[in-house]
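Could you slot chain R onto chain A? The hints should help.
These protein sequences, in sequence, are chains A and R.
The first sequence begins at 90 in the numbering used here and counts up by one.
The second sequence begins at 90 in the numbering used here and counts up by one.
I should point out that these hints are in silico values taken from the structure, not numbers from a laboratory.
Please note: incorrect hints may appear among the correct ones.
[Claimed, not checked] Over 10 Å on every C-beta distance to chain A, these chain R residues come out as not near it, computed from the model:
id, residue
1, E128
2, D139
3, L149
4, E151
5, S367
6, G420
7, M471
8, R505
9, E534
10, S586
11, I596
12, Y608
[Stated by the list, open to error] Computed footprint of chain R on chain A; a stretch qualifies when at least three of its residues, placed anywhere within it, have a C-beta under 8 Å from a C-beta of chain R:
id, region
13, 170 to 176
14, 180 to 191
Cβ coordinates follow ideal geometry from the N, Cα and C atoms, glycine included.
There are 2 protein chains.
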Amino acid sequence: MRMKLISTVLGAAISASMSGTIAQSQSQIVHDAEFVRLEKHFAEQWSADDNLVREKLAALEEKFGKKPNIVYIMADDVGYTELGSYGGGKVRGAPTANLDRLADEGMRFLSFYSEVECSPSRGAVMTGRHPIRNGLFNITLPGQVGFGLAGEEVTIAELLSEAGYYNGFFGKWHMGEEEEHYPTNQGFDEAEWSEGNPPWWVNNKDAKAADDIGGFTNRTLMNHPGPEGFPYETGGVMHAKKGEEPTMVHPYTMEKYNTYDSDVADRVIEFIERRADSDQPFFVNFWGKGNHFWGAHPDFRDTPAGTNTASQMVEHDYNTGRILKTLTDLGIAENTLVIWNSDNGPMYTAHPHGGYSLLPGGKGETKEGGVRVPAIAWWPGMIEPGQEPMDLVQITDWFTTMASIAGVMDQIPGDRIIDGVDQSALLLLGEGKSKRDYVFHYNRENLEAVRKDQIKLNLKPTNPAFKFFEAYNIYHDPAERFPNELENGFWAGPGMSRIIQEHMAMIQKYPHRQVVGKYREFDTNFDPEATPVYAPKLTVDW
Amino acid sequence: MRMKLISTVLGAAISASMSGTIAQSQSQIVHDAEFVRLEKHFAEQWSADDNLVREKLAALEEKFGKKPNIVYIMADDVGYTELGSYGGGKVRGAPTANLDRLADEGMRFLSFYSEVECSPSRGAVMTGRHPIRNGLFNITLPGQVGFGLAGEEVTIAELLSEAGYYNGFFGKWHMGEEEEHYPTNQGFDEAEWSEGNPPWWVNNKDAKAADDIGGFTNRTLMNHPGPEGFPYETGGVMHAKKGEEPTMVHPYTMEKYNTYDSDVADRVIEFIERRADSDQPFFVNFWGKGNHFWGAHPDFRDTPAGTNTASQMVEHDYNTGRILKTLTDLGIAENTLVIWNSDNGPMYTAHPHGGYSLLPGGKGETKEGGVRVPAIAWWPGMIEPGQEPMDLVQITDWFTTMASIAGVMDQIPGDRIIDGVDQSALLLLGEGKSKRDYVFHYNRENLEAVRKDQIKLNLKPTNPAFKFFEAYNIYHDPAERFPNELENGFWAGPGMSRIIQEHMAMIQKYPHRQVVGKYREFDTNFDPEATPVYAPKLTVDW
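Chain A extracted, bound-state conformation (with noise of 0.2 Å):
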């Protein structure tokens, strides 16, 4: 919701509606202290707005005789600058124009935070739990074991099951790689994947020096896969069914890698072909490249930057209007939600190749360039075109949100603390109806930053002239260049204080999910990068 923040927080109506303890949410959701101050506040508002979505999305399915299919489509390392709706495009050498008609006719979010790195992105619109809570809070890398999607958690795909839907993954799936965590032991009827992007596909003892990664040379540790001979086998794209033994597709090879997203598009349109008829409705992820450094498709190198990230970026574009043409040309793009979301910032250690964001901070990081992401929404007919909220939404909310318009809030389990909040209303009613004014911005282990309304409270600040705290306008200073403004100092301290001690207070009632990985043995005599002693050509008696 729209709040004007000094008002609001200083006024005495929410003071004195808000107990100040932590109380339980309405419904058998367990969500964080802030949420449920809101939703006591907003009770008659937020009721009558769910009624409204409730009538909605009723009509819709007496008219197509089943819930809405849903698409969600998660590009990798896109910065919130990168399309060509939020300034880029063009400007960065890679026009997005299906991405951005995707915008045009649907819901533009301009101020959607995902978590600051792949896994824990994903794990997080999964299970709509911060990753500090789910226990994915690091990026899974080859070689470990015992880490990933705890079977224990309840993913988005387990509750559509529970509605009836048919569920399908295509793609990168980057939560672990053991049995289980494969997509099909976690609520995906089927599913085609790969555990990772880069580091999967070139350390593999079957790379070569020589292999082409996309025909962008570069600079540092990034210009070659590598390294040649390398002894641990990183496997391949996986298939399977629901309670089958996952096989291998093909196995990683760079090749392959180039045409990545093409080849995960090609399988989504078929499953979409496939399903479309059914009296199931389906949901079907599409978790593509997007910015992600090695690779480029042979039909996109010509882009005006010359990068692997603006091929990647304009092929990645082509797909999703692929996947819109599929969803039109079949007739059932009226009962279809289709959200594209990146998954974090841009990762610099690979630039030019690696994303960008004119928002400084990158992926690991909670700077705004890291977690402010560009996101949309599009359901012809259900959301007004060319909408551009301001709403805050965080990338748990989409967990939250798909389980409200499936119509099942209720099998959301109750034991556990839930950070996504519902955000139908926002979707269907439009600007205004976010469920949140505050999102808590963690890094790995560590709580880095809180947002309230236009105030992010950065809990790890950086001038030195400003050690107790770096308050920033974001509205005012998206780029968080000048901390503590007078009028926002003046209520960070303890109206940030009291949000972030009820949020802690709250882990101790609902602890973390311990996840601990471990890394496999292999033949660890390899020297990969061994110099040999060097012994001039040319030498001289003296």
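Frame of chain A, contents of chain R only:
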């Protein structure tokens, strides 16, 4: 024009066709050496383009019986990312619906460059010459004499007079306050103008510390007008017709300043209504506010951002809409070219009231944030809607482009270097038709950066690790964070050196105009901030 940098510059084709010496342009206009190279190479293409442009303009003149009107709107300190269509607007708490519609229905320039600050940019558009050449390479300040737009300069208003235009100027002039500098002595038939913005309106003997500056507090030196009792008379808004002695419309006061953008827009609308049916085409200038710290119109103080900047932006957007409505209502839009651009980047001294840009750097700097600014051209029926060219355009180009559209290129004097190039082909034929792929970025006396296609060479390196030079690829890295990607560095040294050497050699032949200001005499005994000797009210005898 769009050229792939590496292939073009290292390729044999161009090298062979260009002599490497400074050549005279084929027209009488003296252009810089780099333009002459391009003109030779693209002679055939440009000639064909120019013929198409002439045909379109001739057909329009046939239809309307006169040359097209020109509305030129200059906004103050609006950063590249401030308009909704550039990723700002609501994101900055200041929606810009009218300017966004202007962009949708016209041409939005993605690579438009101004000069680094106010008076220099204004002089550049008036003369088609970089400030260093016309002498106005500094900001005029209250109390200065002898400094401004030299009478010997030939302005676009003077050229358009030759073409039969009736010229009006309304708003912030900021190019000198003496007789020589008056707009009505620089080609305008009528004018109502203010010499500058806040410094004139508040460093005024009638200013009071309690004057309403917009209702928003601010830190540091910006938070009140002052000093009270200042003995220097900064004057007021002037009005004149050509050949008349100007009269003061009203003295500068903050009360007037708060509504100045709207007052100026009223004058522009009255002018357009009065001149619409004339046999003469008109050239009218609306040089308004935008993001210039002090002052906020009482009707526009309710923005989400709650800053003067946001109020001014919303007000200026509204006033631009009013002017466009006037053109449409009068049925003259199809015979009227509308140009809108900012004069330079934001002024962070006044944060949060001085504008913003996600691009680092501001007013007074040649970093992208200082000089890459929003710009839009609109001309229903002549400029195709929805265009977003990446073509380089520099603010001096408006001079030459307006002269071209009015058919008076042959009146441009041949005794001085003209930096502006004719961009009428870009406007009327579309993306890729810019006649420049280079920009010289001057900061007051110094050449600080040179752009060639995607590469920008910073001649004032700031990173201690890259003392020799800093080159950026502006497509890869619009925020200039990663100097000297390997592929750029190879060319940036010798390639840029050639361009700069030829540029400098031309200055020997066509020296810069020298304009030297000095300060007026006034009561220097006045001490505005004399701190009284402090005597505590409570004392104790002991």
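**Asked** Is E128 of chain R truly not at the interface, in the sense that its beta carbon sits beyond 10 Å from all beta carbons of chain A?
**Response** holds, 23 Å
**Request:** With a C-beta cutoff of 8 Å, work out whether three or more residues of the region 170 to 176 of chain A approach chain R closely enough for the coverage to hold.
**Result:** holds (count 4)
**Request:** Check the non-interface label on I596 of chain R: least C-beta distance to chain A beyond 10 Å or not.
**Result:** holds, 32 Å
**Asked** Has the region 180 to 191 of chain A got at least three residues whose CB is nearer than 8 Å to a CB belonging to chain R?
**Response** holds (count 3)
**Request:** Measuring Cβ to Cβ, find out whether Y608 of chain R lies farther than 10 Å from everything in chain A.
**Result:** holds, 33 Å
**Request:** Could you check that no beta carbon of chain A comes within 10 Å of the beta carbon of L149 of chain R?
**Result:** holds, 29 Å
**Outside-interface status for D139 of chain R - nearest CB in chain A farther than 10 Å** = holds, 25 Å
**Prompt:** Closest CB-CB distance from S586 of chain R to chain A, is it above 10 Å?
**Reply:** holds, 23 Å
**Request:** Please confirm whether E534 of chain R is truly not at the interface, meaning its C-beta sits more than 10 Å away from all C-beta atoms of chain A.
**Result:** holds, 28 Å
**Item:** Status of the stated non-contact between M471 of chain R and chain A (beta carbon gap over 10 Å)
**Value:** Answer for M471 of chain R: holds, closest chain A Cβ roughly 22 Å.
**Request:** Examine each Cβ of chain A, and state whether all of them lie more than 10 Å from the Cβ of G420 of chain R.
**Result:** The claim stands: G420 of chain R keeps its Cβ more than 10 Å from every Cβ of chain A (closest is about 28 Å).
**Prompt:** E151 of chain R: least C-beta distance to chain A exceeds 10 Å?
**Reply:** holds, 35 Å
The earlier numbered hints are all upheld by this structure, with none contradicted.
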